Amino acid sequence: MITLTVNGERVTRHVEPRRHLIDFLRLDLGLTGSHAGCEHGVCGACTVRVDGEIVRGCLVLAASLDGAEVVTIEGLSDSGEVADLQANFVARNAAQCGFCTPGMIMTAADILAHAKEAGGGTPSRAEIREHLSGNYCRCTGYQAIVDAVEDTLKARAEHA
Amino acid sequence: MNEITPASIGLSREDLPNSYIGRSVPRPNAPKLVQGRATYTDDVVLPRMVHAAFLRSPHAHARIGAIDTSAAEAVPGVIRVFTGADLAKVCDPWVATLDHLKGMKSAPQHPLPLTRATWQGEPIVAVVAETRAAAEDGVAALRIEFEPLPAQTDMETALAPGAVVIHPELGDNLVFTRTAETGDVAGAFAAAHKVVEAGFVTGRHTGVTLEPRSIIADYNRADGTLTVHHSTQAPHMMQGVFAKHLRMEEGDVRVICKDVGGSFGIKVHVYPDEVAVAAMARILGRPVKFIADRFEAFASDIHARDHRIKARLAVDTEGKVLAFDVDDLTGIGPYSVYPRTSAIEGNQVVNLCGGPYDFKNYRCTTTVVLQNKAPTCQYRAVGHPIATAVTEGLMDLAAEALGMDPIEIRRRNLIRDDAYPYTSPPGMRFEGLSHHASLEKLLEMVPVAKIRADQEEARKRGVYRGLGFAAFIELTNPSPFMYGIGGARISAQDGCTVRMDPDGSIVASSGVTEQGQGTEAILAQIVAHGVGVPVSRVKIITGDTQTTPYGGGTWACRGAGIGGEAALQSAIALKQQILEVAGAMLQAAPESLDISMGHVTDKATGAERMTLHELGRIVYFRGDTLPKDLQRELVQTRHFITKEYPFAFTNGIQASWVEVDPMTGMVKLLEHWCVEDCGRVVNPMLVDEQVRGGIVQGIGGALYEHCVYDSEGNLLTTTLADYLVPMSAEMPEMHVGHVETPTRESLLGAKGAGEAGTAGAPGAIMNAINDALRPLNARVHEQPFTPERILRALGAIA
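Chains G and Y, in that order, are what the protein sequence lines are.
Residue 30 in numbering that gives the first Met the number 0 sits at position 31 of the first sequence, and the numbers go up by one each step.
Residue 570 in numbering that gives the first Met the number 0 sits at position 571 of the second sequence, and the numbers go up by one each step.
Warning: the hint list may mix true and false statements.
[Claimed, not checked] Each pair of labels, with its calculated beta carbon distance range:
1) Ala448/Y - Glu116/G: 41 to 47 Å
2) Met609/Y - Gly118/G: 56 to 62 Å
3) Ala139/Y - Glu116/G: 43 to 49 Å
4) Ile796/Y - Gly79/G: 53 to 59 Å
5) Thr636/Y - Asp65/G: 55 to 61 Å
To be clear, the hints were calculated from the coordinates, so they are not data collected in a lab.
Source: prediction; values computed, not measured.
Heads up, the beta-carbon is just placed ideally off N, CA and C, and yes, glycines get one too.
Excised from the complex, chain Y in its bound form:
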């Protein structure tokens, strides 16, 4: 075979009939979604299935006293009540630390706690009944004596003398701290022309997947297997978790996830109530279903982004960045979340601050502490929007201090497009980024001169509009350096098995999963392209640990870059195998043949020689006519893992155009732009919609979304009437542009695209709001930028 290169397989030739990479092919799974014929976990009904409901702690911190289950057990339909002690008999606790996060500590966590409740909403006792309604009736009849304890809710005082130490055996509430320091930070600040500083707050918010967390666990006593239907992003990871903690063989656990109704990182963690369901199924020997309701989602889904940051930036007279100095503090709730840990978000702040810029001196510390609130963990664009808001907020402050245009200060400091490979001050290695090309592309899209003229004119009418920018880097395609080296069984590699059936159609099964981002569509495109068949002839299987190759699933934007490359490699291997067989049939050298749109063709002339359908007929039904020693396995498997770089970094830049009403403090989003570089774009339409969806989640954090607690640790935002999410009427039109810098780690060259929108939007909006408020001498740096905070910044309210 000839050497395979991106050019040789037509990755840049969209004119080939089955060249699907780079084309906006509709998703094959979309028709079922628009017709209501998808299968989400709650749509699955199994024989003898029972339903679980949980009594959740009404207190942020309390000792669990006597539990009286008698009234609950008497409720019609109730089958059994389970306490923490009941489940501990079959389920081992977990401790969520990673070995490579030096000094990290956390406490053992059980599916249901044994002695103490440590956040409001923690599941305490489970009731299993014939229906969910009966299970809830049972919960209402439970009698538990809680002895309330003082709650440590404020992260600022978590390490202070006299703080309530949430797990006394840990000694204090410090989970993890890390400082990255390089260069001469103190010297740079001392020598600076200007130093700007600010305190930033990112509001604790959550994912609000429209489909709540959902699980059915089914333990079969006859063969000792546990089958779990689960709304999860990482079925193989969950297979391992259930096996380990329920003391089963991994091969006896099967995790199936069909359609998943939103995930965004929320569904890649281990939740005690879900492990409890598996443990209860193990005990009962029958299927147990649990579907979180919206209150339970707000109180027990992971939260994220609860950070307070003090940060300084030093620049010289030319606006050149000399140094960043950042101090990050985050509260993660009472437990680090298993198995990814809750220290990663703060760690990412350290890795990503200052990311787009070329500078020498850097200091950043993260301090991760416990508190009696819902646990936080990885949510879309982990740490990115925090680091971007801090970095870009400081860049705008510096530009203002220098009287420099915000675009100009960025142009002077962005890492040059020919500077790669490049190692950033906190040690991140960049293979190839395109900050300047992205900025230029953005400026082609954003009519800056027109906007500035409009802004000037509007101010005369007392209308305050602002334009804000935010450049960002994004971490994708993680290697084992993300979790594996820390001891977590989270796969960084992924596999794909591709086979040709007798009718010439192709079936590909992949370890990466579909949550709506279009994984199955791009895998079909890649396989169709790689083998040489129409995309309509490819079927994709995902989301079943028993029928797909082992892999990591979907997180950190690895679907296209890792799963896609495995699919491409397996498709190319299958094509080679098909051509070996075709060569034997056609008395031709395999190298002289090709496959196009389901036909074996003569490579030189393009003439059709035979159909794959005919080849399949002969291989499967008339093998007697083929040479005896001919290998005829029309199935190939390849796995892929990145090797040179720990992560494939991407980059981009956003712009936001807003109007702020100084009378009400309301922010109206007028228009939004994003240019991002995710390497090879497999399906432009899907990437655009990933970016748009990501932007809107970033907008949510910037303007609306906030998990609000009172000082006692009571969660005040437990409905969609209290916790605001972006709706269609408030959202602006969003324009998406691309620069393509394929990674050389893979033939496909794809990096991730899912976090970009979320990473940059809050910083761009913050800068736009502050641009609007500048004539009024007001600034905001605390997200969400609510009307109250804006009015306070304006001095309109105290």
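The shape of chain G in the complex, shown without the other chains:
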């Protein structure tokens, strides 16, 4: 039995010891925004936030998360934290099939959060590419995604 906070709501569930976080979110909580792409920690489609840091949902066991605070793409969307980033993804067509996109948004949100912590400096395109390099996208060629993240960083820096 674990109790944790998911997208701001307290959740208590029995979980099998072998249940991964991604399966816990999708199968037990019906939060299908996070996706299982490779199930061995390479593709990043299952990226979610646990206690403020992004993790691979396919590498974390749910049973280890008693007391943790988890944010998924659903929570991130509802809070409005990355509404500007999501709008830029739409404007730039930085998503095609969309299967990687929730994980990509979670990672891009992490870039935005780190840029803010670092005092508002704007990372270079190469740095954005480096930060996104754990998230596999088969459709876009990445360039539109880098564009969308860069647009958001610049707009935030201007308004800071």
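Following the hints, complete the assembly by docking chain Y onto the known chain G.
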């Protein structure tokens, strides 16, 4: 009504308020994707649903002995175990040949094999359980006696005496062979000023859709219907396949595909494990879900591009191409894949080699053989990157032999832009291409002089950079000549039904499908444009065989060219119908009226006469006020198929700028350019991203991606740690330019754009690498161009 022409419907007038064609409108379905609110097949949960897992063959070739299911059946949660014999009772096997590929042969394939496993990863036994985890526990408890057999893995020896004949009833491992020969090839080579030749290898690779293959089959015993939620590109084709092989009426099968997480041709084929799921649902009378995991994807998704080519090119003293002579060999695994067949890729190599160039003498043979590896079949830009790499590799070798600039040799040989219609040596008919305009556009974008100066300067510092070019042709908008004439039930036509509802909004349902390329966005643009409403007032329905007109779905870049034209024609018909009704209401001649941004207007003055909302209110709720004999069906359907040309060929050219480290053999991509001509561009932003995504898949095949087998037929690359795909940090900035030569087959004039990037990128990268290595007297022609292969070419390693 006046005659409808591209000009009369404003296809070239972007200033009209609802002129959406040619405009970068954002995709209406993108917000749900970025918020995680899409519905992929695995997101669908049905009452009483159970889960399937498969025991897959651990051997490349083995006889299946006794199958002991007792321990598996005892696993908690396991409901039933199915063998090949169990499924054969309800499901007929298939043979994947096409009648027009003369002499083609393949063996019958069952959803689960009856006696022999023929590739490592082939599904052998299925376990159905309450959860996927329990089904996997059941698989682990299965006991199967496999008797390993010698495996035929090397395509080079597949036809040699003593080779293991994979299906003895076929006599040998030859699936298909075709030679196209025209002119006097031997004479041309004998008379040539220079002859260059090389051996090319394209590495077996696969699509790696991020969403794995996914299916839920639900058989309802009450009404005898099968509903299949399926991550597929061709729902109507799959409807027919399930019906035929499960012995059902086609009308009793419904295929639904909501969001599809990547396809690239991987999801347009019939997979035995997916048919097995449908057969198991038929037997169990309840929904069965199967989602391939990543290992299963690598071992059982179709592979592609496993080719070895020997090729020669003859040129005269001026660099004019005299003849191509190409010999292609490909291994396709143990079965041709249903229903498109695995012979098409080699056939395309024959059709496409030398494609951009004007020459007379041609010989190309493809030989397609069986082997004990995963089956290969159509993957994005079928055959194109192979033909382009061979053609463009030879062009660069010829330029080098002549001491000629690679741009100059291309300029001298590209088919003239005023030479159309044109028939190529292997018999492909080109309606209108733009090779020279595309080359000129590319040279406006690529700073060649600056790059050459940088290259020269860098070499002095021991830094080796190279610039490579690759021109290409691309086959799109296929007619029935692609599959239909071969007997396959794969539709080359597509339909669209457009209706206006009481609030003046428009709903369009189309047989083409959305896999992320933006089909629904361009259909909304086309319908909005055709009817005369804001694009926000259009809703698109795709991916449901019960609610959309019959069509082919998405493959060979037919969404815009075929589905888009059907949408345009139906939208124009609906507009005419609306104007008939409006004319009756307004006491005006329909010809004097127009529709703009949801208003009926006076055509001459543009003055607004009434809203569509008001027209809808009267039609649907106050029909008593309209003339009794007035036709008022605000719904129209049109279907479209190309008629004059078997295919709408497109063209383009790419350039790649790379740096090769001779110490490590690593290739760094510096910048990449592509100019392509897909005819009318409906949405420039979407086309650009299609091209960029395609380039990156081409880069993957050129540099990273490789399905590696050992000599026993064991697949060594079964995770994303072993099988490398391009990630953001290694990818270059990509610049895309367009030339527009609309096809006259349709009012819209759109051809396909999805294969262009993949078709040209490997050839451009190969030529760039070889340009970089030229001072070191090294060359590579075997993809992927791994550090090991480059170091071997440099003589740095043995």
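Going down the list of hints, with the structure as the test:
| no. | hint | verdict |
| --- | --- | --- |
| 1 | Ala448/Y - Glu116/G: 41 to 47 Å | 44 Å, holds |
| 2 | Met609/Y - Gly118/G: 56 to 62 Å | 58 Å, holds |
| 3 | Ala139/Y - Glu116/G: 43 to 49 Å | 46 Å, holds |
| 4 | Ile796/Y - Gly79/G: 53 to 59 Å | 55 Å, holds |
| 5 | Thr636/Y - Asp65/G: 55 to 61 Å | 58 Å, holds |
Checked against the numbered hints above, the structure breaks none of them.
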